[in-house]
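Chemist: Protein chains in written order, with the numbering used here: chain A, 1 to 116; chain B, 1001 to 1112.
Derived by calculation from the structure, the hints in this document are not laboratory data.
Take the hints with a grain of salt, since some may be wrong.
What the hints assert, rightly or not - Below, a sample of chain A positions facing chain B; criterion: calculated Cβ distance under 7 Å: (1) Leu44; (2) Leu46; (3) Asn70; (4) Pro97; (5) Phe107; (6) Gly108; (7) Pro109; (8) Gly110.
Claimed, not checked - Straight-line distance between alpha carbons at most 25 Å, and here's what the computed DMTMM-like set of lysine to aspartate or glutamate pairs gives: (9) B/Lys1099 / A/Glu104; (10) B/Lys1099 / A/Glu52; (11) A/Lys14 / A/Asp27; (12) B/Lys1099 / B/Glu1069; (13) A/Lys42 / A/Glu22; (14) B/Lys1056 / A/Asp27; (15) A/Lys20 / A/Glu59; (16) A/Lys41 / B/Glu1015; (17) B/Lys1060 / A/Glu52; (18) B/Lys1052 / B/Glu1042; (19) A/Lys20 / B/Glu1069; (20) A/Lys66 / A/Glu22; (21) A/Lys41 / B/Glu1076; (22) A/Lys41 / B/Glu1069.
Quick caveat, the model's predicted, so the values are computed rather than measured.
Each residue gets a CB set at the ideal place from its N, CA and C atoms; glycine is no exception.
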Amino acid sequence: GAVVSQHPSRVICKSGTSVKIECRSLDFQATTMFWYRQFPKKSLMLMATSNEGSKATYEQGVEKDKFLINHASLTLSTLTVTSAHPEDSSFYICSAPVQGGMDEQYFGPGTRLTVT
Amino acid sequence: GNSVTQMEGPVTLSEEAFLTINCTYTATGYPSLFWYVQYPGEGLQLLLKATKADDKGSNKGFEATYRKETTSFHLEKGSVQVSDSAVYFCALAGDSSYKLIFGSGTRLLVRP
């Protein structure tokens, strides 16, 4: 089946630095990808919709200047957490819809970000 | 707005026990409903889905029926195995959007 990868799987950074997380669709093209944030023992919260060739659409309450999203190609979306703070520590997950079935999605394995 | 509510865990069962994880939803229109599973150290995987009322989704012995009258999509399995230990998420996609709205997740622990 279709696979979505994320890199890195874990990252530790210092406060004030920026971190880039990559999401790739490995054997299919994805004009749309989604970025989620998962807090410990909580559900996934949709952060933004990444659109290839155009600006991302952010959910209410998500700072677009802090969480920069770039969908550079049909197989790659990146999320950059700028000027990271400890409260940004979380599990970030991306997903891409199944072609022809937009309501079904493939999920990446997630990236654990720890900001010290 | 759309929302999903599922029972809090953890749910601890012995092997071969019957499993029910409750899920109810609030949505306008006719959403599609899903159960996703997250095994330890892995990403979410689609377990089953139903796209219209009275549909039954099934996979790997798990079943869930789309009940519009009770706005529910409860997950059931007749005989759980240790390998079913995971976190289960109920989710919906609105009929005018493919954004997934997730419930809070229910951790299932099956003991030998």
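Chemist: Decide, hint by hint, whether the structure agrees.
Modeler: Taking the hints in turn, this is what the structure says about them:
Given the 7 Å rule on beta carbons, the hint for leucine 44 of chain A holds: about 5 Å separates it from the nearest Cβ of chain B. Below 7 Å, beta-carbon pairs count as interface contacts, and leucine 46 of chain A has one with chain B at about 6 Å; its hint therefore holds. Interface restraint check for asparagine 70 of chain A: the shortest CB-CB distance to chain B comes to about 20 Å, outside 7 Å, so the restraint is violated. With a cut of 7 Å, the hint placing proline 97 of chain A at the interface with chain B holds, because the nearest CB-to-CB distance is about 6 Å.
The beta carbon of phenylalanine 107 of chain A comes within 4 Å of a beta carbon in chain B, closer than 7 Å, and the hint placing it at the interface holds. At a threshold of 7 Å, the smallest CB-CB gap from glycine 108 of chain A to chain B is about 5 Å, leaving the interface hint in force. For the restraint placing proline 109 of chain A at the interface with chain B, the shortest Cβ-Cβ distance is roughly 4 Å, inside the 7 Å limit, so the hint holds. Interface hint at glycine 110 of chain A: satisfied, since its Cβ lies 6 Å from the closest Cβ of chain B, which is below the 7 Å cut-off.
Restraint check for lysine 1099 of chain B and glutamate 104 of chain A: satisfied, since their Cα atoms lie roughly 10 Å apart, inside the 25 Å limit. Among the hinted pairs, lysine 1099 of chain B with glutamate 52 of chain A is consistent with the structure: their alpha-carbon atoms are about 16 Å apart, no more than 25 Å. Annotation: proposed proximity of lysine 14 of chain A to aspartate 27 of chain A is violated, straight-line Cα distance about 34 Å (limit 25 Å). At roughly 23 Å between alpha-carbon atoms, lysine 1099 of chain B and glutamate 1069 of chain B fall within 25 Å of each other, so this suggested pair holds.
Of the pairs offered as hints, the one joining lysine 42 of chain A and glutamate 22 of chain A holds, with about 23 Å between alpha carbons and a cut-off of 25 Å not exceeded. At roughly 30 Å between alpha-carbon atoms, lysine 1056 of chain B and aspartate 27 of chain A are farther apart than 25 Å, so this suggested pair is violated. For the hint pairing lysine 20 of chain A with glutamate 59 of chain A, the CA-to-CA distance comes to about 20 Å; that is within 25 Å, so the pair holds. Annotation: proposed proximity of lysine 41 of chain A to glutamate 1015 of chain B holds, straight-line Cα distance about 24 Å (limit 25 Å).
For the given pair, lysine 1060 of chain B sits about 35 Å from glutamate 52 of chain A by alpha-carbon distance, which is inconsistent with the 25 Å threshold. Distance restraint check for lysine 1052 of chain B and glutamate 1042 of chain B: the Cα-Cα separation of roughly 29 Å exceeds the 25 Å cut-off, and the hinted pair is therefore not satisfied. Restraint check for lysine 20 of chain A and glutamate 1069 of chain B: not satisfied, since their Cα atoms lie roughly 45 Å apart, outside the 25 Å limit. Proposed proximity of lysine 66 of chain A and glutamate 22 of chain A is supported: the alpha carbons are some 16 Å apart, at most 25 Å.
For the hint pairing lysine 41 of chain A with glutamate 1076 of chain B, the CA-to-CA distance comes to about 22 Å; that is within 25 Å, so the pair holds. For the proposed pair lysine 41 of chain A and glutamate 1069 of chain B, the alpha carbon gap of about 30 Å is over 25 Å, so the pair is violated.
In this structure, the hints that do not hold are numbers 3, 11, 14, 17, 18, 19 and 22, in rising order.
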